[in-house]
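Undergrad: In case you want the letters, here they are:
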Amino acid sequence: MKGISIAMAGAAALAASAAFAQTPVKVGMIVDYTGQFADTGNQIDNGYKLYVKQHGDTVAGRKIETIRKDNGGMQPDVAKRLSQEFVVRDKGDIIAGFDLTPNALAAGDVSAEAKKFMVVMNAATSIITTKSPYMTRTSSTTPQLNGALGTWAAKNGIKKVYTLVSDYGPGLDAVAAFTENYTAAGGAIVGAAKFPVATLDFSAFIQAAKDSNPDAIYIWTPGGTQPAAIGKALAERGVDTSKVKILGQDELTGVSAIASMGDLSIGIITAAMYDFSHKSPMNEKFVKDFQDEYKRMPDIFAIGGYDGATAIYKALEKTGGKADGESLIAAAKGMTWESPRGTILIDPETRDIVQTVYIRRVTKVDGKLINVEFDKVDNVKDPVKEKMKAAK
Amino acid sequence: MSDASVPAKPPAEFLADGARWRWAEIAFWLAATLPYFVAQDYLQLAGQVLITGLFAMSLDLILGYAGVVSLGHAAFFGLGAYACGVASKWGWGEPITGLLIGGAFAGIVGYGASFIVSRFKGLALIMITLGLNQLVAEAANSAHGLTGGADGLQGVHTWDLLGYFHFDLYGVTAFWYILAVVFACFLLTRRMVHSPFGLALRGIRENSTRMVAIGAANRAHIRKAFVIAAFMAGVAGALLTETTETVSLETLSFQRSADVLVMLILGGVGQLYGGVVGAAIYMVARDRFSDVNPQYWYFWIGLLLIAVVVFLPNGIVGGLKKLGGYLGRAGR
Amino acid sequence: MTAALLAKGLDKRFGSLVVAGGISFELPVGERCALIGPNGAGKTTLINLLTGMLTPDAGEIVLNGEDISRAPPARRVRKGLARTFQINSLFPKLNPLEATTLAVCERRGETGDFLGRLAARRDAVDEAYDILKSLRLDGVCRRETRELAYGQQRLLEIALALATQPKVLLLDEPAAGVPKEDSGELFQVIDGLSRQLTLLFIEHDMDVVFRFASRILVMVGGRLLLEGTPAEIANDARVREVYLGSAGHG
Amino acid sequence: MIGNIIGVLYDGFAYGMLLFLLSVGMSVTLGMMNFVNLAHCAFAMIGGFVTVTLINNFGWPFLATLPAAFAAAAAVSVVFERILFRRFYRATDLDQCLLTIGVVFVSIAAAAYFFGTTQQPVRLPDWIRGVVAIGGHNFGVYRFFLIVVALAITGALIFGVEHTSFGARVRAAVDNQRMARGLGINVDRVFALTFALGSGLAGLGGALAIEVVGLDPQFAFTYLVYVLIVVSLGGMGSVGGAFAAAVLLGVSDTAGKYYMPQVSAFLIYVIVVALLMWRPLGLFGKRHA
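Protein chains in written order, with the working numbering: chain H, 11 to 402; chain C, 150 to 481; chain D, 6 to 255; chain S, 113 to 401.
Incorrect hints may have been included.
Covered stretches of chain S (in silico footprint by chain C; criterion: 3 or more residues with CB under 8 Å from a CB of chain C, positions within the stretch not fixed) [claimed, not checked]:
#, segment
1, 278–288
2, 352–364
In silico lysine-lysine, DSBU-like type, Cα no more than 30 Å apart, as pairs [what the hints assert, rightly or not]:
#, chain 1, residue 1, chain 2, residue 2
3, H, LYS343, H, LYS36
4, D, LYS138, C, LYS270
5, H, LYS101, H, LYS399
6, D, LYS98, C, LYS470
7, H, LYS378, H, LYS73
8, H, LYS324, H, LYS63
9, H, LYS63, H, LYS397
10, H, LYS36, H, LYS328
11, C, LYS238, H, LYS125
12, H, LYS397, C, LYS270
13, H, LYS289, H, LYS125
14, H, LYS324, H, LYS343
15, D, LYS138, D, LYS185
16, C, LYS471, D, LYS98
17, H, LYS399, C, LYS238
18, C, LYS238, H, LYS141
19, H, LYS141, H, LYS169
20, C, LYS270, D, LYS84
21, H, LYS73, H, LYS399
22, H, LYS125, H, LYS295
23, H, LYS63, H, LYS399
Don't read these hints as lab results, they were simulated from the structure. C-beta: ideal position from N, C-alpha, C; glycine also.
Isolated chain H (complex conformation):
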């Protein structure tokens, strides 16, 4: 059975490469278009679509055909089926998307078995890219951002931190990376709490954090409704961000979070790989085009989708249109390009992105609330895989 299936996959790949000049390259965009994480999925797709619009739907002589599939939430079994169907039914070439870790992990199996190039555009747990040798990731990893933030915090006079994170995998990864780098650089943790994933009202947690008198409260939450709810709780509990610093990852001060927090968000410090306020000609054009197209601001999810599309296009250019997993991943390794977030590189070893982590503070500029970059940490790699390498 195994032999047959591999032969069939091989035959399909062969047939595809023989006739590739005529046939389109099929990209399967598998994200959450509905459900709790619908906004993430839609923004990834918006970023992707914008790149395709800017650069045309033909690369290296082959047309790009995108097939969109709704993962509908944290459902790895569905993610796996959709990517299998994409490979088997749609005869697809490139598996893309994935806003959530379990879904990306499940699809990784398909990528590995079918030898398909896979581009993860958001899911942020370190280990994902180890699932398939044909996989790359154009977002960032949770430890990458939070580790950098921990180091930065310790070096910038913050002595005592209370940590408050969502009680599930990514939150625990984040606080682990933050705590490790922060304490290694001399900081002290004065308290730590985890809140349930479904928490909607944070006032009690914030009060408890405030009561421990820290220099800063480190908060990690996935996107969605929570950042806004946290912001409101901070204001209500009277946390003065000029005295007690609020540290977090990009999602905490995302576009809609800031909009609903209003002035309450002023002073929150976050680590991010991207913000629409980043100053560069390329980003300005990106933001303008994005706004024209979707009437809203791009966010980290959109940039993940945009750079995902970039990776696909650039790799296809390099292979001259060959779309098999081996060729594409070989092409992608070590690739570097100018993104709206700055120059980024696909690490040839880990296939993750090496990038600058920006430290921003929410500030009012011309009456608008902006994440203003005031510091940065360059060339950050994913610390978990660095450690794995060191352990070997």
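Keeping the supplied structure of chain H fixed, place chains C, D and S upon it in accordance with the hints.
TA: Leaving out everything else, chains C, D and S in the frame of chain H:
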């Protein structure tokens, strides 16, 4: 046909009629093999439809036959999925025993829960089952070490079936394996529905007060049905684990409990085929709608549900039976 | 010889409302006892207390010499105390044969079998069929209960109770809702039941009561006013006053 | 730690008031009309979106949008009631579930289509977002506002049901439809108005909820569980019960997060299971004849 002309065969034969295989049933199961012959591209979907159908069928056993409305049935699906997955992670990936591990674990927990469940009814029962489900889900989330938490369980690997058939990318092995297991569970359920125990369950659904008045041990019956249903839900969960090699917290979620209830009502409650038919209609409709319209397919599914309630009050299977009745009479 | 059914000092109150006050009586084996009294006298409540569907605040119930005061309702049935309901309480979507077979199987302890075929339980089905036949329900035994005529449903109430092989049968207005001309026929059927069976029946029609009862209990306001033979009751002034006077006769 | 008990109680009580507004309508339709309306939170969502739209696109002041949220939710719900739901008052519970879940699905898709999947941003006036310090404790003004609104509504509801002729007609129609009809009560209209009132309150709750928990198309589904918990714990059809259950849920959820964050996710479900095992009909539930 008048009642006076009841033939002289033994009365027990009257009851055997209901248990006899109908042509429509045979056709149904033959049709269930069709994906392999005519729609190979849809084998993965067909497999997951069958798994969900089995899950819905297990819910039907308590809801449709014993009248126990549970909004927490995913707890058993998920427990089965995790038990099987954890066994696989610890090095035992044999599929058939994996099913038994999943089913047994869910069944044991179901046995414990049955002592609570059998004492309540109505909204209290619904909310208690929901509450228990959420507690199990939270426990699984908290036990990161064992379950992998929100990232899902990693390292699940299913051995080749019978040491020979590899679970291939195309889903051929998985499809036949799932179909065989679901059919076996269906036979068991069918047998049970037509057994004295099945009759007692229908009695409880129809009138539990009267059951007491004929000396029936209602709670014992409900407990037993609940354990069997939990076992079957666990088997369904284990099937999903084995054929996708993934397990996530979603298998335990309230959402899955609610979805399966919706599918069952859609298909028709207490009619044996309601679960499988409901799962098939719902999941295929979802697949098609979301293919055309990945962002707004909920709209069309919603309309489908409303339409079914408006036009087919007993679910799709109930509607088909009615239609069959009309046609049968018209044909005579 | 012990009494088939014995009640001693049954008390039940809902708040300040006394629905049963110190009720004591004794039914010898084979007795056909009528329970009469005006509406709201607590007759159905008494049956609910006896069968365990209500828990008495005080008192004792003894069935064939065995104290069943603490037994849950289903166990009392298995020990031989069956009842019917004033308002039909049947299985609407089962047919009479299924329903009666179910009762027979429950009695025999066969309903735990979830792998055997129901149709293979020939003895049980035959027994159920015989009961239905004796109540002239064999002709409709394959129709869904909800499709039966009302009178047939009343008979099925009795059939289900009989299938438990009771020693004592409590009939809560068996002829309720049945036209007067048919109720005589129904009581004929009841009268034809085994003489080993002890009956307690609630009935409003005094013609029927005096025709079929060998003994009469009179309840008023949750208390047993008196008991006696039909002749004694008919001549009792108190009965005439509280019961026959208020409820009218015929 | 002790000092914070006041704060926790205050926050929890305010959160409970929000849950009460969202739930009370469902308790009434379920308990009195025997209609399982899982789409209740979809009507709440309508209120939320009306408020967002009026503030962001038309510049209405926040307070002025609240009556509009109430009216819009009530109006839409009454259309559904007249056209669709009314026909299923006698259907089985399961059919009612399927029907109203269908409406929830449609509403989620419609909300995503018209408003997008993003969190709806709303800026409330500063006076209502502030904090007042009394005796060393910080009290959010918005929460105070929530509590006042909810208490006023509770009072009005209890007064309305007990002491007005409309309340009398509702009680009559619910107790015995046939007799109520015989007395010349227009039962259909009473039900429609009751339904609209319940949904309107949900709409108001939806509008008030944005500031506390946000608003997106999933709202119709996310809050359903909380609403069901309040209804079942309070006892179907009991306004006072819904109030007590909402306060209990709000306070225990908040206290759990504050004092025992590690187990707070378990806490409310432990309460649900334990309370219902103790009192299956809810705190104030009455057995239906």
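Undergrad: The structure should be examined with respect to each hint, and the outcome stated for every one.
TA: How the hints compare with the structure:
1. 278–288: violated (count 0)
2. 352–364: violated (count 0)
3. LYS343(H) x LYS36(H): 21 Å, holds
4. LYS138(D) x LYS270(C): Cα-Cα ~36 Å, so violated.
5. LYS101(H) x LYS399(H): 36 Å, violated
6. LYS98(D) x LYS470(C): 16 Å, holds
7. LYS378(H) x LYS73(H): Distance of about 41 Å is beyond 30 Å: violated.
8. LYS324(H) x LYS63(H): 15 Å, holds
9. LYS63(H) x LYS397(H): Answer violated: LYS63(H) to LYS397(H) is near 40 Å, above 30 Å.
10. LYS36(H) x LYS328(H): 17 Å, holds
11. LYS238(C) x LYS125(H): Holds, at roughly 24 Å.
12. LYS397(H) x LYS270(C): Distance of about 55 Å is beyond 30 Å: violated.
13. LYS289(H) x LYS125(H): Between LYS289(H) and LYS125(H) the Cα gap is close to 39 Å, so the pair fails against 30 Å, i.e. violated.
14. LYS324(H) x LYS343(H): Answer holds: LYS324(H) to LYS343(H) is near 11 Å, not above 30 Å.
15. LYS138(D) x LYS185(D): Satisfied, since the Cα-Cα distance of roughly 23 Å is no more than 30 Å.
16. LYS471(C) x LYS98(D): Holds, because 16 Å separates the two Cα atoms, which is no more than 30 Å.
17. LYS399(H) x LYS238(C): Within the cut-off at roughly 24 Å; holds.
18. LYS238(C) x LYS141(H): 16 Å, holds
19. LYS141(H) x LYS169(H): 38 Å, violated
20. LYS270(C) x LYS84(D): Distance ~27 Å between LYS270(C) and LYS84(D) Cα, so the pair holds.
21. LYS73(H) x LYS399(H): Judged against 30 Å, a Cα distance of about 39 Å means the pair is violated.
22. LYS125(H) x LYS295(H): 36 Å, violated
23. LYS63(H) x LYS399(H): It is violated: about 39 Å lies between the C-alpha atoms, which goes past 30 Å.
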